[in-house]
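Asker: Following the hints, position chains B, C, D, E and F against chain A.
6 protein chains.
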Amino acid sequence: MVESIRQIANRISQLKIQGARNVAIAAIEALVKLSEETKAENKQEFLDDLFRAQTMLLSSRETEPLMRNAIKWIISQVEKSDGETINVLSKIVESSASQFLKNLEDSKMKIAAIGSKRIKNNSVVLTHCHSSTVIKLLTTANREGKNFEVFCTETRPLFQGRITAKELIKDGIKTTLIVDSAVRSIIKEIDLVIVGSDAITSEGNVINKIGTSTIALIAREARKPFYVVSELLKFDPATICGNYEKIEERDPSEVWKDAPKNLLFRNPAFDITRREFIHGVICEEGIIPPHSIFEVVNRKYEWIFK
Amino acid sequence: MVESIRQIANRISQLKIQGARNVAIAAIEALVKLSEETKAENKQEFLDDLFRAQTMLLSSRETEPLMRNAIKWIISQVEKSDGETINVLSKIVESSASQFLKNLEDSKMKIAAIGSKRIKNNSVVLTHCHSSTVIKLLTTANREGKNFEVFCTETRPLFQGRITAKELIKDGIKTTLIVDSAVRSIIKEIDLVIVGSDAITSEGNVINKIGTSTIALIAREARKPFYVVSELLKFDPATICGNYEKIEERDPSEVWKDAPKNLLFRNPAFDITRREFIHGVICEEGIIPPHSIFEVVNRKYEWIFK
Amino acid sequence: MVESIRQIANRISQLKIQGARNVAIAAIEALVKLSEETKAENKQEFLDDLFRAQTMLLSSRETEPLMRNAIKWIISQVEKSDGETINVLSKIVESSASQFLKNLEDSKMKIAAIGSKRIKNNSVVLTHCHSSTVIKLLTTANREGKNFEVFCTETRPLFQGRITAKELIKDGIKTTLIVDSAVRSIIKEIDLVIVGSDAITSEGNVINKIGTSTIALIAREARKPFYVVSELLKFDPATICGNYEKIEERDPSEVWKDAPKNLLFRNPAFDITRREFIHGVICEEGIIPPHSIFEVVNRKYEWIFK
Amino acid sequence: MVESIRQIANRISQLKIQGARNVAIAAIEALVKLSEETKAENKQEFLDDLFRAQTMLLSSRETEPLMRNAIKWIISQVEKSDGETINVLSKIVESSASQFLKNLEDSKMKIAAIGSKRIKNNSVVLTHCHSSTVIKLLTTANREGKNFEVFCTETRPLFQGRITAKELIKDGIKTTLIVDSAVRSIIKEIDLVIVGSDAITSEGNVINKIGTSTIALIAREARKPFYVVSELLKFDPATICGNYEKIEERDPSEVWKDAPKNLLFRNPAFDITRREFIHGVICEEGIIPPHSIFEVVNRKYEWIFK
Amino acid sequence: MVESIRQIANRISQLKIQGARNVAIAAIEALVKLSEETKAENKQEFLDDLFRAQTMLLSSRETEPLMRNAIKWIISQVEKSDGETINVLSKIVESSASQFLKNLEDSKMKIAAIGSKRIKNNSVVLTHCHSSTVIKLLTTANREGKNFEVFCTETRPLFQGRITAKELIKDGIKTTLIVDSAVRSIIKEIDLVIVGSDAITSEGNVINKIGTSTIALIAREARKPFYVVSELLKFDPATICGNYEKIEERDPSEVWKDAPKNLLFRNPAFDITRREFIHGVICEEGIIPPHSIFEVVNRKYEWIFK
Amino acid sequence: MVESIRQIANRISQLKIQGARNVAIAAIEALVKLSEETKAENKQEFLDDLFRAQTMLLSSRETEPLMRNAIKWIISQVEKSDGETINVLSKIVESSASQFLKNLEDSKMKIAAIGSKRIKNNSVVLTHCHSSTVIKLLTTANREGKNFEVFCTETRPLFQGRITAKELIKDGIKTTLIVDSAVRSIIKEIDLVIVGSDAITSEGNVINKIGTSTIALIAREARKPFYVVSELLKFDPATICGNYEKIEERDPSEVWKDAPKNLLFRNPAFDITRREFIHGVICEEGIIPPHSIFEVVNRKYEWIFK
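Protein chains in written order, with this note's numbering: chain A, 7 to 312; chain B, 7 to 312; chain C, 7 to 312; chain D, 7 to 312; chain E, 7 to 312; chain F, 7 to 312.
With the rest of the complex left out, here is chain A:
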């Protein structure tokens, strides 16, 4: 039944499911469920169901390359399989889904292991917004017994920085919260900046929460290393073809609930940090210059470009 897909798509478009990783997981699970409940009677009908689901899920959010890549990979596994019975095909969806999720989890663990080495005793780290991979990296460093501290921004308008602060404190990491516009005032006390990513492009740029590109600019001016943590599967193949990464514009009420009537708003959810501001991308392949992302993805996940 495609109904379950529609529900997931709705929850994604209404922001009830958020974060590149969570959105991808929800879509994958919906695909698995669909393949279990499908009424298709042959491979073609089964694939048609998957394609319909793909269309529906993809239209739920303007830019979610991780979800897009996940769905593309699962469908490609079905397409190229020799299996013909629905049962077998459904198994392929399931197994390729869990393989994708495992790969994703492995990437996160590798990134945390690699990135935590950049943190030394007495390091002062700055982060922005909330990224589960960055949290993993920091708590890994904490587990390793490193004695460091973290500054995090509050991240207006939705205050995701407070979530980050709570999680770090819970892990026992010394944490200081600042307003977004205080970054330049404290940057000289910072040793390195680490942020997450929502999407990466063929030009080597990174899309992340609004404010990221400003921190990158401030960090560069102060000569502080600015690292982006990103699974390579967040690469958006559409950018190769010249498509602009879409930047979602969210509701003004996020910014000011009872604003005066004639006041206009601009509330972009993300911004773009260009490659020349990025010291290194910490991905499952290691720490690499953003300039080589396209080639690394080509080498490692060639199917993305099919």
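In short, the hints are calculated from the structure, not lab data. Accuracy of the hints is not assured; some may be wrong.
It does not matter which identical chain is meant; a pair holds if it fits inside one copy or across any two.
As the list claims (entries may be wrong) - In silico SDA-like pairs for lysine to any residue, Cα to Cα no more than 25 Å straight-line: (1) K172 x E260; (2) K252 x E227; (3) K126 x T91; (4) K108 x A119; (5) K152 x L270; (6) K126 x K194; (7) K172 x N268; (8) K306 x L198; (9) K142 x N249; (10) K152 x N249; (11) K194 x N127; (12) K142 x P266; (13) K39 x Q83; (14) K176 x L270; (15) K306 x F271; (16) K312 x Q105; (17) K126 x L64; (18) K152 x N128; (19) K39 x K49; (20) K194 x A275; (21) K306 x L238; (22) K267 x T146; (23) K306 x D55; (24) K123 x I310; (25) K172 x Q83; (26) K123 x K194.
Answerer: Below, chains B, C, D, E and F without anything else, positioned relative to chain A:
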């Protein structure tokens, strides 16, 4: 009675009176009131009262050069007068106070007249925080029939940008509000940035609301003119002598009221924008490079250095 | 008959045939003609004819990597074929020639399709000199119904910008012409710069018409995206081996016909734009950072390095 | 008779008189002639004639601060004189006119003497457009026996660089001409750049022939000293009051005579070079940072601000 | 006998053997000797001997990627061989050792051949410290009859620049010595900078003698090309995994022998030059952007990552 | 007797007297001695003696503006006095000499008082070479009980940094010595840089020991404040007139005593730090932007320009 002075000083230190201009006006009025109610019996006693008031007012706030310069000027007028009777001296306080206030008001009008010429039809202006001189400049341009629009930041943590937005809308100016960290995303649509100032230093730097120096950095990177609007009487003579401009650190509750217990905060109220980021300072003498502020103040208000 | 080759080589060296693409096409056609008319009696003699033609054509112009790569590829196809009869070998020349030309045409169409996506409604594009691929890109965007406008420089000394202007106007695109030195005055009205390329190097640099590197510098200072449009076959493999890209110095009379006798001239035809000034290279593989050109060419056209 | 004034004003507005210095001289001479032929019967009528002439001359050209300052100074001398008879007043016009011209000539000689010291044996100088003060400086260095060479741009659209080239060759100076867009290609061979100026502003910026600001950008990027040669009387007092320096837009036919009908043009005659690109201003007071121009003019020509 | 390994390891750790290349050669020779004298009785024992030697040699110096890669490669050849007898395995060590050394020598010759093309008649080259590959490059250019000159720094604290100077003079190359801090004073006379490298990282950065990164900064500011000469086998695979390149801190007596007792010292032997300062890396694959080093090594020496 | 002058001049030219301040003091004392021993019989003869001494002293060293200004001032006091007898004139020399020296000493104390305020608890200061005013500033901060530390370079070729290190250690200040080329490696630990000055120019540039401009570049890149400490009397009025500040080239043996015969040397003693690298000049008038030096000197020491 020095009691009235103490009350004013308290209200200033508790932020019940805010803004360089308002603080200076309150202090001036307190001095006038003191001189009217004084029980001094001779010039020396009269002066001693003024000095005590000066000490009290100056300790109310770390850095308020406009107030400091106002008090210094009024006292200097008393000191150098030939008058000996309390009545005459009190008159001198009153007249020099109103002269200072008039000069301040004149400066504001001149600045608005000069600065409004920088706004052309279809200009898009960005401002930060709330400055009555900037508002005056913008409404002057509006009066002159120019058709322009303004972007203003919300200005965390105290949302003074909302006050700016309300006042501009009330004047019929097309206004768009953004979160502080969205400035870099909209900067390419901006034609010029205009901000106020709390203090100016001998090196040609400007102290203003936290976030100002970040906007200056963003504006410079995007090659957008960044103008500071400032009465020259905000010059802080202590900076000549090597004193650092003090940056007030305010209460964490401004940032997050019910924060977790172990979370640390940094909440600086102001930051410093260095001269190389400033296109021009719009002051009562005209539009000048910040590099020449010290010499211009020397030429125009030599008494500040006495 | 090698005579026909000599004629083509002469026409190229006398600038009667111009533009990387036209020069390559002329050379390819000359090879085809040669192979049709050859008097060679065996494979070795046939190859010797081709090598002589290669030497002649390569000496006609200092730097024409596209032509060099075309000739190298056609000859390599002959070399590695099993064919022994002149007839068969001649067919191979013909077929590999048309394959090369088709590939070149395909690349141009792909580039136009990719690049036209970077143009949005109301975009203002700046271009320099005359590039058939850039024209294709712009007219493609025009076909797609996008409402945009173009600024083009006149491109001294030979005024190729006028050709660009004429072609764009003919296609109904709103076009404004400026002198070369007015670029910095109008750059703030520009949304993106798109230029062609004569050659690309292993360091990721681009050789193009004199003036290109100045526009790149101006664009970077004003934070405007600067895109280079280039078929990857313009990669010059000699640059890997440390050879400098040669910059042709043309006749002074191009600059000033009746100049005073003692006046000296410098009239370089091209300049070099370094990779850090280039936002992205739009090639048949997509939009890529110039830093990865060497690896992309390695992956896609490995034979170039043989 | 004001008719002679009208004629001069027309010739200025039709570009028959060109160059800040020539325009100022023509206006001064017109004033002298007017005062000789006036039919005024008293001081007031005499002054009214002068004011009418001032209005007429000022409207002939958007921005000519040297002419404006010249007229202002001559009229101010009449105003503050005790003389009442037309004869006496007319003499004052004459004497103050020749005093102004003498001062202007002296400034030019001083600037040439100062600036020529910056040229050493084997220096390679780059200049742009045509400036009689720059020519004076270079020929002075030549007289002093220095062995140097000059690159000059052709300066599109009106090729004033050819005039410069001719004058330098005539003086026996080794001279090389390049197209405007070749500056970045030859900049590494240059030791210093010297250009003239049409106007200087209170912010320390310089208005000069289109293309100047591009050369300044190129010079800064290559770390080459960029000097502006300017009489301080080219300071435009209106810029203090916030007025933008007006940039004249000239006729498209200067760029392309028989252009296609629908082609648009932008043909700004001047551009603005900001202070941070200027190594030093060579003026009659010495070599100074452009940042202090306002204060130097204040010290030396206080009457300009009256 | 592992004793010989220990001796070599000691000589390396006591700096009796210096320079990435010499250290690698010594370690390789020690492995060969070990395999000749081994008392191992089967493949496993043989390998255990090699692993022990590896551990010992690797602990002799914090960072010597060339040595590490050499040992890894030799051992990997043994591991993957079918051979079982000690005699055969010992031969494999010997042959792979000489293969590695030959490859290293070939790389050096290729680099010299490629790099020498960057030197033209009248070029002025700056180098720092002493690198045998840079010397080879310069003497190759000299053999080719190019007429150029070299500036070299003295390279405190150990004055290796004097060794460079002596070798260049011996080859008949015009050479000028300067103190390290005079580089910025003479940079405008320099045409290009060429330095060696001790290690290269996955981010595209280069580790070389202290002072290198300062010269890179100076060169960039003056827009002078800065080339690094490096065999790709100096790539340090540990940097991919997030490890920081270790910077050795040497004895203070190198800086000042009879220093006052309480004086502290910092004497880092190397520094890091980031990729954005490097014009190109001249390696055995050609001249490449440092940004693509990771991918080039992946393509050419995939075994490094195993 | 002019012989004593000649001796002093010789000692200065042979570097037996070094440092702007010491040289000026020696010259002043020589003038006083001359005026005491003069055989002049009238004012003119007395002045002629002084002029001869001036010529002799000025030729002892290429650039010593402090000495030049000192001599100029003393002579000008004699010239403008009404005194006619040798006795009276000699007294004027003596009194103006001691007045000059007192002013110089006062300036130093003021600079130390102002500059020491820039040093806070836990500050880490970097200095270069040896400057008695910088030492005074640092020991003043130490007297004030501030707990800070200093890094100083060794300052090749003459190791003046060792003198600085010894004096600081003697005062009990924690001090670390580094080689000159290690500055970029430790700059991130530095809070501010403070250096002395040998001369300041009308463009706002500073001449100081070789290596200073490199540290300024490094500091700016790392956004660290770079302060220059300088008495305003080090202003060189000749720079106004276009003269280049002369940079002394010293003996190669300072760099390498037993160098190979054919090795060339460049050994400039000073370099120039341009105004845009200087955060502030700490002088007797306060902390000022270098851009306003010319105007400040004009206001305070107008006689320098006579």
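Asker: Which constraints among the numbered hints does this structure fail? Numbers only, ascending.
Answerer: Result: hints 3, 8, 15, 23 and 25 break, sorted rising.
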